[in-house]
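J.: Between the sequences and the hints, there should be enough to build the whole structure, so can you do that?
This is what each chain is made of:
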Amino acid sequence: MTGSTAELVVPEAIRDEILERARDGRPEEICGILGGEYDPAPDGRSRVRSQYPAENVAETPRTRYRIAPEEQLELFERLEGRGEEIVGFYHSHPRGPPRPSETDAKRATWPDRSYLIVSLEPRAVSAWRWRAGSECDATASRFERERIVRPDRRR
Amino acid sequence: MRVTVDVKGEDTHEIDLESVPTDGDAEPTYQDLLCEIELSPHEVSVLVDGRPVPEDQPVDSAELTVLRLIKGGSPSAGG
Chain S
337 MTGSTAELVV PEAIRDEILE RARDGRPEEI CGILGGEYDP APDGRSRVRS
387 QYPAENVAET PRTRYRIAPE EQLELFERLE GRGEEIVGFY HSHPRGPPRP
437 SETDAKRATW PDRSYLIVSL EPRAVSAWRW RAGSECDATA SRFERERIVR
487 PDRRR
Chain U
5 MRVTVDVKGE DTHEIDLESV PTDGDAEPTY QDLLCEIELS PHEVSVLVDG
55 RPVPEDQPVD SAELTVLRLI KGGSPSAGG
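Each protein sequence line maps, in turn, to chains S and U. With the working numbering, the residue at position 130 of the first sequence is 466, and numbering never jumps. With the working numbering, the residue at position 39 of the second sequence is 43, and numbering never jumps.
Hints in this document: simulated from the structure, not taken from any laboratory. Backbone N, C-alpha and C define an ideal beta-carbon position, used for all residues, glycine too. Hints are supplied without guarantee of correctness; some may be wrong.
Unchecked claim - Cross-link-like lysine to any residue pairs, in silico, SDA-like; alpha carbons within 20 Å at most:
#1 LYS12(U) with ARG435(S)
#2 LYS75(U) with GLY419(S)
#3 LYS12(U) with LEU355(S)
#4 LYS12(U) with GLY419(S)
Stated by the list, open to error - Label pairs and their computed distance ranges (CB to CB):
#5 GLU67(U) with ARG362(S): 13 to 23 Å
#6 SER44(U) with GLU356(S): 30 to 40 Å
#7 GLU348(S) with VAL24(U): 33 to 43 Å
#8 ALA441(S) with GLY28(U): 48 to 58 Å
#9 ASP360(S) with ALA30(U): 13 to 23 Å
#10 PRO363(S) with VAL24(U): 42 to 52 Å
Claimed, not checked - Residues from chain U shown here face chain S by an in silico Cβ test under 7 Å; the list is partial:
#11 MET5
#12 GLY54
#13 PRO58
T.: Now the structure itself:
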């Protein structure tokens with residue numbers, strides 16, 4: 337895991353909604369999709385406009401999350417219908433860590449999208465971009481931390 | 005048959021099914037199509053009319069949606 341100069345603009349109301357879902361969903365992980373303006377550049381600034389809660393259909397939801405493809409498609413269509421792009425995804429770690437786990441890294445499949453992680457113990461919200469390695473060097477794939485900023489904050 | 009493959013959040017591909025190399029099967033499967041656009045069945049789901057289809061089945065639809073999977077998790081006893 338490394339740092340980057342990418343940023344994710346998250347309105348406080350959306351951050352609070354996700355935190356509340358994470359608390360209410362405990363001890364299981366919760367998950368969802370972030371819609372808004374997507375900027376894939378290494379120093380890109382994506383902006384979250386909406387969050388779309390999804391059901392966690394993982395077999396062991398206390399330590400895993402998975403969104404069913406049918407619901408995923410339905411949420412993408414809703415998001416696109418509102419003129420938004422897929423900015424990224426969120427999920428909770430009820431017992432930490434406040435960063436992507438090894439499982440997250442093994443299962444990440446969306447290059448350059450943001451993965452927002454809500455840890456409840458310790459309480460922390462962090463965002464990460466999944467940077468996929470080349471076909472020749474898949475081991476170069478990694479999560480890069482990005483800064484979470486409020487909409488009113490300038491660079 | 006010409007197949008339109010919409011990879012959600014990315015590009016839409018137009019592929020001539022006849023030009024898709026097969027893995028010894030008579031007809032190209034969804035997996036063969038994925039291979040053509042350099043995606044692995046381990047990272048995506050293929051949907052026809054909004055429903056997932058088995059990747060090892062022969063392609064029988066002219067319009068497909070491909071979704072990268074959304075999954076992960078926190079550390080457990082097993083890691």
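J.: What hint numbers does the structure not satisfy?
T.: Violated hints: 1, 2, 3, 5, 7, 8, 9, 11, 13; rest satisfied.
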